[in-house]
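Chains A and B, in that order, are what the protein sequence lines are.
Just so you know, we're using numbering that gives the first Met the number 0 here: the first sequence kicks off at 0 and counts up by one.
Just so you know, we're using numbering that gives the first Met the number 0 here: the second sequence kicks off at 0 and counts up by one.
No lab work stands behind these hints, which were simulated from the structure alone.
This one's a predicted model, so the numbers in the text were calculated from it and none came from an experiment.
Don't take every hint at face value.
Unchecked claim - Derived contacts from chain A toward chain B, CB cut-off under 10 angstroms, selection only: (1) G49; (2) E53; (3) D74; (4) D75; (5) E76; (6) D77; (7) I81; (8) Q83; (9) V84; (10) N100; (11) K102; (12) I106; (13) R109; (14) G111.
Built from N, CA and C at the ideal position, the CB exists for glycine as well.
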Amino acid sequence: MYVIVAGGGKVGFYLARELVEQNHEVLIIERNPRRAAEIEADLGSIVMAGDACEATVLREAGAERADLVAAVTGDDEDNLVICQVCKARYHSRRAIARINNPKNAEIFHRLGIDDTVSATEVVLSVIEQEIPREHLIPLLRLRETDVEIVEAKIERGSRVAGQRIRDVRLPSPARIAVIIREGTAIFPEDDTPILIGDEVIAFTTSKNEAAFREALLGG
Amino acid sequence: MFTVIMGSGRVGARVANELSRAGHEVTILDINGDAFRRLDVDFAGNTLIGNGIDSDVLRRAGIERADAFIAATQGDNRNIMASQVALHIFNVPTVVARIYDPLRQETFELLGIQTISPTVMGANAFLAVLLEGEEPNQAGGGTSGAAPST
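If we strip away everything but chain A, and leave its shape as in the complex, we get (with noise of 0.2 angstroms):
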């Protein structure tokens, strides 16, 4: 595979490297000389000192042939114009972007870059799931809403365990929607009991979130 990283600070060093050792045909595209030396010092040849968001600069390096350009810079703006430039002028198949705010995935999706990598969200992710919550997990919040998914395993001593959904009292609002239960996913009913072991899948609000762990996790 034909890998063009743009970018080679930190990320990009190690993204080619890896990917060098995967024996895959790597370029990295660096704007600064002195740092691009360096890289070819320990690297090899497989730098190309120049700016990656000029057309003729991603031109020479090939993208046309790219089967992947990834963009590591450390500006989002930068990724994103390098991103599209490669798409839209010389149809590079694939095109990833390294971004910093999260908030930007969405934007760049809608601008027709799909893959983004963002440090922060998963750095942000491991640290919502890690937080001990009584097993209340934050999936994922909702665009611009203030809903949750959440999932909690259901524990031996919760009180909700062995009740069917119709007994279940639940604080408003709350809803929900699969079961996980060994390894199979159920759309509950109105009979359908909730048991030890069970995964929970639900909605919830983030302000009714304490309220929702204790009706269904406490004992």
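Position chain B against the provided structure of chain A, taking the given hints into account.
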């Protein structure tokens, strides 16, 4: 007409001053508060410190009800990104971006952005003086895109 201007450099501030003087509503934003010194003392619009490629900042500037958006920072890519956000996310009717690099201008014309390239305009103006009387250059102008919807 309500216009949001990103970038309070010489051009951005001048456009803001003129619009304000003509009685239009203007909000101008810049990442550097010092840049607002270029605004006239009687500038009647709003100023906002912030980065225009951040959609939250644009929202704070009132982009959702703007009739026009002008991207006039020093960075081509910042202008390209912010103007696409204004056009496609916030549906601003008239959006114009300054793009210095003629090749990038060409590319983003393809993607539907209305652009102004001072590079092309400036070079053409010089050439017009130097080559006065010779065959006019047909290489194209410094502006592009659809006519503004008025």
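Going down the list of hints, with the structure as the test:
A distance limit of 10 angstroms between C-beta atoms decides the matter here; for G49/A the minimum to chain B is near 13 angstroms, and the interface restraint is violated. Taking 10 angstroms as the C-beta cut-off, the interface hint given for E53/A holds, the closest approach to chain B being about 7 angstroms. Hint on D74/A holds. Least Cβ distance to chain B is approximately 7 angstroms, under the 10 angstroms limit. Taking 10 angstroms as the C-beta contact cut-off toward chain B, the hint placing D75/A at the interface holds, the least distance being around 7 angstroms.
Annotation: E76/A was flagged as interfacial toward chain B, and the flag holds, the nearest CB pair being 4 angstroms apart, inside 10 angstroms. Among the interface hints, the one on D77/A holds; its C-beta lies about 5 angstroms from the nearest C-beta in chain B, closer than the 10 angstroms criterion. Satisfaction of the interface hint for I81/A is found here, the shortest Cβ-Cβ separation to chain B being roughly 9 angstroms, below the 10 angstroms cut-off. With a cut of 10 angstroms, the hint placing Q83/A at the interface with chain B holds, because the nearest CB-to-CB distance is about 6 angstroms.
The interface hint given for V84/A holds, since its Cβ lies 5 angstroms from the closest Cβ of chain B, which is under the 10 angstroms cut-off. For N100/A, the shortest C-beta to C-beta distance to chain B is roughly 6 angstroms, which falls under 10 angstroms, so the interface hint holds. Restraint check, K102/A versus chain B: the minimum CB separation of about 6 angstroms is within 10 angstroms; hint holds. Hint status for I106/A: holds, given a least beta-carbon distance of 6 angstroms to chain B, under 10 angstroms.
Contact between R109/A and chain B, as hinted, is supported at the beta carbon level, the nearest pair being about 6 angstroms apart and thus within 10 angstroms. Annotation: interface hint on G111/A holds; nearest CB of chain B at approximately 8 angstroms, less than 10 angstroms.
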